[in-house]
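Taken in order, these protein sequences are the chains called A and B. Just so you know, my numbering puts 148 at position 148 of the first sequence, and the rest follows in order with no gaps. Just so you know, my numbering puts 148 at position 148 of the second sequence, and the rest follows in order with no gaps.
These are computed hints drawn from the structure, not numbers from a lab. A couple of the hints might just be wrong.
Here chain A is said to cover these stretches of chain B; the calculated rule only asks that three of the stretch's residues, wherever they fall, bring their Cβ under 8 angstroms from a Cβ of chain A [stated by the list, open to error]:
#1 99-111
#2 185-198
#3 216-223
#4 249-255
#5 274-287
Take a look, some chain B residues computed to stay more than 12 angstroms from chain A by CB distance [claimed, not checked]:
#6 11
#7 76
#8 142
#9 148
#10 180
#11 233
#12 320
The structure displayed is predicted, hence computed values, not measured ones. Cβ coordinates follow ideal geometry from the N, Cα and C atoms, glycine included.
Next come the chains, spelled out residue by residue.
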Amino acid sequence: MGDNLKNTYLGAPARVLEVENLTSIEKLYTLRFLDNDINNKFNFIPGQFVMFNVPGIGEFPVSICSSPTRTGYLQLCIRRAGRVTKYVHENIVEGSIVYIRGPYGNGFPLEEMKNSPIVLVAGGLGMAPLRSILLYHLDTQHFSDLYLFYGVRNYELMLFKREIRTLLRGYYNVHVYLSFEDIDRGARELIRLYRKSIVRGMVTDALEVLRGSVPFEESYAVMCGPPVMYKFVVKKLLDLKVRPDRIYMTLERRMKCGIGKCGHCIVGTSTSIKYVCLDGPVFTYWDVLSTKGLIE
Amino acid sequence: MHYKKLPKEFLEEFINRLRKWGEVHAPQKKGKNTYFFSRLDDPSKVQIDYTRTVIPPTKKYVLRPVEPLMLFHGDRAEEHTLRTTKLVLFGVHACDINALKILDRVYLSEPRDPYYEIRRKNIVIIGISCMPDDYCFCKSMGTDYAMSGFDLFLHELRDGYLIRVGSPMGHEITWNISDILEEVSEEDIEYLKKFEKQRLSSFKRHVDISAMPDILDLAYNSRVWERYSERCLGCGNCTLVCPTCRCFETYDVWLSVNTSMRVRRYDSCFMVSHGLVAGGHNFRPTRLDRFRHRYYCKSYFDPIHGINCVGCGRCDEFCPAGIKHIEVLNEVIGEIYGR
Ligand SMILES: Cc1cc2nc3c(=O)[nH]c(=O)nc-3n(C[C@H](O)[C@H](O)[C@H](O)COP(=O)(O)OP(=O)(O)OC[C@H]3O[C@@H](n4cnc5c(N)ncnc54)[C@H](O)[C@@H]3O)c2cc1C
Ligand code: FES
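Please model the complete structure; the sequences and the hints are all you need to start from.
Below, the structure is given as structure tokens:
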């Protein structure tokens, strides 16, 4: 981990190959390192993140949303959320140079999950790191079945629309369920086409609707979403009889280094301190039980 | 361990000879009762009986309050290169030496912090024994004696100092200045024993740490946190003077139209921004959250390395609201027992 790049805080220069508007607030950036050696060596596990460094502006952590099976480039889905990300949206275009360091964090324990069914639960931007697992499965058939539950406010804000619409049509062992809080035009159209796969409400409502149709008892579950989501989804998953040792989640905290030095991402109490950047961002349900404050 | 003795009359000579291994920095007095580590030009100015410096020497010389990390010229980046001076820190107390070991664990674990590493490599540490004052609780934390982490350690004797040699660098120094050193006598050993006995019985503040991490964790909702956090001003002094607090924040500064610099500076978990993320969500929104967080971070029991606090007493001495770390701990612990 982190051995890919030699300069601890700088990272390596990368060129933006493509920028795609996903929604009004999220863009997908495809990047490639200038140094071919790094492109060849750069390897990561879904769930890991990189630090995205814009000279003179600042730096922030962002999950890798492409799959390690697709080499030679990296994809990052960036939401305009604050000062640096706003700058990125407005000024980083095709051809721009930024600095990338990483990959950091632990990533998902994919080996352990091999050949089991997996349930991905995404809320909003949480779809970004989970897309890495999704693409990984499409390329390697790593899981016996993949169930994606993706909750988003409305169709307008849904990420990766094209990919998800393709999968909705039915794809071998990948099953997609969407939940929308507001039914806008796009959502209405999807409901018309794929009635059984769309639920009005929260992602937990979608999970409830599929009680009995998804083999929750044998599945691994992985979730990512806004801080408020975790408590409710964990409760629902336990209620659906997902085994507690098979519940994984990826969390976020303020991060200034990504490598356990700056102290911002520390959580926990006197018996259990965790660094989200080193010990996470992927945590288990056992971690949640033994570390106060990990989820709210 | 290899032992030598430095006769008292050679103390200044000893300090002057140390200059061969770097610029000597030592505790000196500023104002009435405050001490600072700074360059020692005149060896007679050294405050060998100092209590504690405001900023821990070990932290001050490895982590700068503000420091550039890199320069950008347009898209081109350049690592900031350090001008490193070799330093000899003379007169470091055991608590601070033990605190430096905690910082080392953070900054020298992979991936290493290059700036820290370069500075750290260029520091020679000469420890010195001390008597506790009203604030010290290092004995409770098990950090009142340094068994490693120094090159030389001086123990006060009646007519000189017993020197413990703790590293190859320490050997090199003692080898080179052997003309002013003596062998340790039976009488010196007797004195050391007496000194240690007196030192150990002079502590006025204690906290029982064996079950402390669990008791504090169980007391998450204790009223004591709330009461103290209401008194706390949230100024962050305690984190600034703490020898093991090491959070930093980074930001960019423009030097010209196309040159900028990434800088880091000390940060404190008492600042509202410490747990704030984009979109306005704060993981530690209240003073209470932040107050408790610091106590938990300091009292964290690492299964391999032990507790993160070395009991130097700085946060107590320099808290403008008069909050005493050890009193808070004792009160929280007591409260659970008492129920
Ligand atoms: C492990 C991890 C993965 C993430 N993955 C993604 C992703 O795939 N896509 C995406 O759009 N966002 C992601 N984020 C959130 C993203 O880092 C923040 O949106 C971003 O830092 C906002 O920066 P800003 O400068 O625009 O905001 P400001 O509010 O101006 O923040 C200033 C600085 O504070 C820090 N900071 C602020 N918010 C966060 C935050 N939520 N997490 C960490 N540091 C923060 C950053 O260093 C940031 O530069 C992730 C965060 C983490 C911790
Ligand atoms: S991000 Fe700096 S310690 Fe985790």
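Of the hints stated earlier, which fail here?
Numbers 2, 7, in rising order.
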